[in-house]
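There are 2 protein chains.
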Amino acid sequence: MSRVVDRGSLRFVFLLVAAIAADASAHCSGSGSPLVRNISDIPQGNFGRGGFAHATIAGAVSHGMKEVEVWLQTFSPGTHTPIHRHSCEEVFVVLKGKGTLLLGSSSFRDPGTPQEFHIYANSTFSIPVNDPHQVLNTDETEDLQLLVVISRPPVKVFIYEDWNMHHTAAKLKFPYYWDEECFHVKDEL
Amino acid sequence: MSRVVDRGSLRFVFLLVAAIAADASAHCSGSGSPLVRNISDIPQGNFGRGGFAHATIAGAVSHGMKEVEVWLQTFSPGTHTPIHRHSCEEVFVVLKGKGTLLLGSSSFRDPGTPQEFHIYANSTFSIPVNDPHQVLNTDETEDLQLLVVISRPPVKVFIYEDWNMHHTAAKLKFPYYWDEECFHVKDEL
Numbered sequence: 001m002s003r004v005v006d007r008g009s010l011r012f013v014f015l016l017v018a019a020i021a022a023d024a025s026a027h028c029s030g031s032g033s034p035l036v037r038n039i040s041d042i043p044q045g046n047f048g049r050g051g052f053a054h055a056t057i058a059g060a061v062s063h064g065m066k067e068v069e070v071w072l073q074t075f076s077p078g079t080h081t082p083i084h085r086h087s088c089e090e091v092f093v094v095l096k097g098k099g100t101l102l103l104g105s106s107s108f109r110d111p112g113t114p115q116e117f118h119i120y121a122n123s124t125f126s127i128p129v130n131d132p133h134q135v136l137n138t139d140e141t142e143d144l145q146l147l148v149v150i151s152r153p154p155v156k157v158f159i160y161e162d163w164n165m166h167h168t169a170a171k172l173k174f175p176y177y178w179d180e181e182c183f184h185v186k187d188e189l
Numbered sequence: 001m002s003r004v005v006d007r008g009s010l011r012f013v014f015l016l017v018a019a020i021a022a023d024a025s026a027h028c029s030g031s032g033s034p035l036v037r038n039i040s041d042i043p044q045g046n047f048g049r050g051g052f053a054h055a056t057i058a059g060a061v062s063h064g065m066k067e068v069e070v071w072l073q074t075f076s077p078g079t080h081t082p083i084h085r086h087s088c089e090e091v092f093v094v095l096k097g098k099g100t101l102l103l104g105s106s107s108f109r110d111p112g113t114p115q116e117f118h119i120y121a122n123s124t125f126s127i128p129v130n131d132p133h134q135v136l137n138t139d140e141t142e143d144l145q146l147l148v149v150i151s152r153p154p155v156k157v158f159i160y161e162d163w164n165m166h167h168t169a170a171k172l173k174f175p176y177y178w179d180e181e182c183f184h185v186k187d188e189l
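Protein chains in written order, with our numbering: chain A, 1 to 189; chain B, 1 to 189.
If you're looking for bench data, these hints aren't it; they were derived computationally from the structure. There may be inaccurate statements among the hints.
Where chains are identical, the list cannot tell them apart; a pair therefore holds if satisfied intra-copy or between any two copies.
[As the list claims (entries may be wrong)] Subject to a maximum C-alpha distance of 20 Å in a straight line, what follows is the list of computed SDA-like cross-link-like pairs (lysine to any residue):
(1) Lys96 x Leu35
(2) Lys66 x Asn164
(3) Lys98 x Leu136
(4) Lys96 x Trp71
(5) Lys66 x Ser33
(6) Lys98 x Pro34
(7) Lys66 x Arg49
(8) Lys98 x Phe174
(9) Lys66 x Val148
(10) Lys173 x Thr100
(11) Lys96 x Ser40
(12) Lys171 x Asp41
(13) Lys96 x Asn122
(14) Lys173 x Pro77
(15) Lys96 x Val148
(16) Lys96 x Val36
(17) Lys98 x Arg37
(18) Lys156 x Arg49
(19) Lys98 x Asn38
(20) Lys98 x Val36
(21) Lys66 x Asp131
(22) Lys98 x Leu35
(23) Lys98 x Ser76
(24) Lys66 x Cys88
(25) Lys96 x Ala121
(26) Lys66 x Lys156
(27) Lys98 x Asp41
(28) Lys66 x Val36
(29) Lys156 x Trp71
(30) Lys96 x Ile39
Produce the entire structure from the sequences given, and follow the hints as far as they go.
Set out below in structure tokens:
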């Protein structure tokens, strides 16, 4: 049984797909962004992680930054980053809430038992380059909101399944979740 | 006329000078800082500029950062940065207040008449590399508070007297005011 699609329907589908693609990449072009941006208008995503929100405030693939990138991230109670490492510098400023930083070592074959640090609103901390770490909202009621600064974007992240996984077994995720969409658009240009 | 200073007095003066020097450089050593820091405890200075406060939240000469540096700056009504440029990237996040960004061009022999941008709480903006710029608190009552991110610290700043000064005449200030104290301590090590 065959089905005939008329030219009008095909044109509609084409325009629909083009419109969706254009919308998805609207925030990917550095030249298209105004110089001063309202942070509330910057697209946020959860990238499949419930209770998580990420916005790239100033980014490499989204705004043409070459040396630094700034993120705004919100973790609802009980949520956390994966255990991961990267060779870039990273500075956190805690805007709201409280939680825990777990910090492993890069000096042995695996991260080992991580050191535990309390993080809280109006605190700041930097992750030593290449040290595996995890940021957790350990509060029961309040969101944890962070401003995150990294060097040498876009970030190249190595993800660990647990603290005993060998460093060499950690899996590279590149481009990282929030860079994927714009990275693809860039590849096509 | 000669004056005799006894050994006890000399020892007191020596200890006093040593104590002042130790206090002044207490925040200069990266290894001496705790990993998680309360931003309110980080030393602030005005560096001779009335109505201005600067704190280096994570810095090169103060905390051993190599690729990024983060500042917290507060401008009281009517105060502003000098007109200046730098070759590093710079991202601003406006935490409180409102004001004006003036942005000149690096394409001609002088910055020329700057473009004017309104900046406001919860907005973000990046300065194009090497473009002369000035940030002003143009509000009459409220402080302007900014989180500032730069790449390749410590910052090398070229200062302009006005918007018509040739780029080649702008004066290099290095180390910059808030890096001077720790920079000297570092030189001695």
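query: Which of the listed hints are not met by the structure?
result: Hints 2, 7, 8, 10, 12, 14 contradicted; others consistent.
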